[in-house]
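Colleague: Please build the complete structure, drawing on both the sequences and the hints.
Protein chains in written order, with my numbering: chain B, 71 to 259; chain F, 510 to 694.
Hint data in this document are derived by calculation from the structure and do not stem from the laboratory. There are no misleading hints in this set.
Below, in silico cross-link-like pairs of lysine-lysine (PhoX-like), each with a Cα-Cα straight-line distance of 25 Å or less:
no., chain 1, residue 1, chain 2, residue 2
1, F, 573, F, 551
2, F, 551, B, 229
3, B, 167, F, 551
4, F, 681, B, 229
5, F, 551, B, 194
6, F, 682, B, 229
7, F, 528, F, 584
8, F, 681, B, 239
9, F, 528, F, 518
10, F, 573, B, 204
11, F, 551, B, 204
12, B, 194, F, 573
13, B, 152, B, 185
14, B, 229, B, 167
15, F, 555, B, 167
16, B, 239, F, 682
17, F, 584, F, 638
18, B, 194, B, 209
19, B, 204, F, 555
20, B, 185, F, 573
21, F, 573, F, 638
Simulated DEER-style distance windows between Cβ atoms:
no., chain 1, residue 1, chain 2, residue 2, range
22, F, 613, B, 122, 53 to 61 Å
23, B, 106, F, 646, 54 to 62 Å
24, B, 140, F, 654, 40 to 48 Å
Source: prediction; values computed, not measured. All residues carry an ideal CB built from backbone N, CA and C; glycine is no exception.
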Amino acid sequence: MVKSVIQVEAPRTRVFSILTDYPRYQEWVAGCTSSTVVNKTDTTTEADVVISGMKRMTLGLRFEAFPEQTINFRMVRGTDVKSYSGSYRLMDSADGKGTVVIAELQVDVGGMAPKFMVDRIVSKTFDDTATALKAYVQKTRPGAEAAPAQSTRVESRRKSVRHLLRVMKVADGYRMWILGESFSAKPSK
Amino acid sequence: MGLMTFNSKATRIFPADAKLLYEILTDYDTYAEWMPLVGQSKLLAKETDLAIAELDLTAPKGEKVSLECIHSRDKMVLSRVIRGPAAGSQLQWTLTPAGNEQSSVTLTIEGRRNWRWLLGGRYFMGSAKSCLAGLESHLSMFRPEVSIEGQGEQILDISETGEGLVCRFRGKKYMLTPANEGSDG
Chain B
71 MVKSVIQVEA
81 PRTRVFSILT
91 DYPRYQEWVA
101 GCTSSTVVNK
111 TDTTTEADVV
121 ISGMKRMTLG
131 LRFEAFPEQT
141 INFRMVRGTD
151 VKSYSGSYRL
161 MDSADGKGTV
171 VIAELQVDVG
181 GMAPKFMVDR
191 IVSKTFDDTA
201 TALKAYVQKT
211 RPGAEAAPAQ
221 STRVESRRKS
231 VRHLLRVMKV
241 ADGYRMWILG
251 ESFSAKPSK
Chain F
510 MGLMTFNSKA
520 TRIFPADAKL
530 LYEILTDYDT
540 YAEWMPLVGQ
550 SKLLAKETDL
560 AIAELDLTAP
570 KGEKVSLECI
580 HSRDKMVLSR
590 VIRGPAAGSQ
600 LQWTLTPAGN
610 EQSSVTLTIE
620 GRRNWRWLLG
630 GRYFMGSAKS
640 CLAGLESHLS
650 MFRPEVSIEG
660 QGEQILDISE
670 TGEGLVCRFR
680 GKKYMLTPAN
690 EGSDG
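Modeller: Below you can see the structure in the form of structure tokens.
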């Protein structure tokens, strides 16, 4: 399983909407030349996705989407790879500027290539997907969102008091504590 | 432990309750202040018991790692490297009360070496022992009285609190506010 973290400057609703707009995958997913929805229910969509890279692959994928949370997918048809499954999990970014997507993908190509090589290709695919998703978000930004995303981060209030400097007068002079280091000072005679 | 894997484990008793240690261990924005080999650190996202953080390493210089962290309040913090060098490695911090406002912290670091770690012969993030030493040093910022020897009168204390920077001078409390740039203040 290869994982990746993608930071997108767009609200979670919008990122979810892009990731579940399967017919438009060919507009931004790296290597995707066609994506056709063949079946759809409330949360599940099946689509035939063609990806042309080092090898042309036709994948019959079943997507299961949980609004604004997670999109799971797995191969249900196709013979180009043995198995293909993964997920996108969406979280609000801590700085309030958008969405963090945790992407996971596991591909089993059978005996065609060693696992480390497949993982490297998947890793590169994630980098390309991240770049493409960010560019697509920018390109399709609605007019109302033309302004940079506003930071809604609420500064987390420090619960425990963190000391930076302390000076104590003791019997034989002063003790100073600065950022974890202690020093002694005695009055000069 | 094989040639391609590593495992480092250490335990230390800290003069603090598990709550404070848990707070420090889940404050990913401040990891750079105390974790060995971490130059910059940032919390990317947090939801209930899951957090995603990004660390810039000082060795190998310029490398970034993404961590997926699972929390069990006041008991355990498990951080897995999901992206970057040593992907698949993990750090598990286990907190156990040890009586008298003390806690026992056990850190286990394990994972696979990549060729750079193999050549350098070092652990990811340093050894468990060095990480615990870093934590102990950072902890003193919350408990300075532990580091100051002798009894006496507190003259001055400057601390960072939920209200901002607070100064206590001879028992009187002052709130510190940033001076405007370019002003005399």
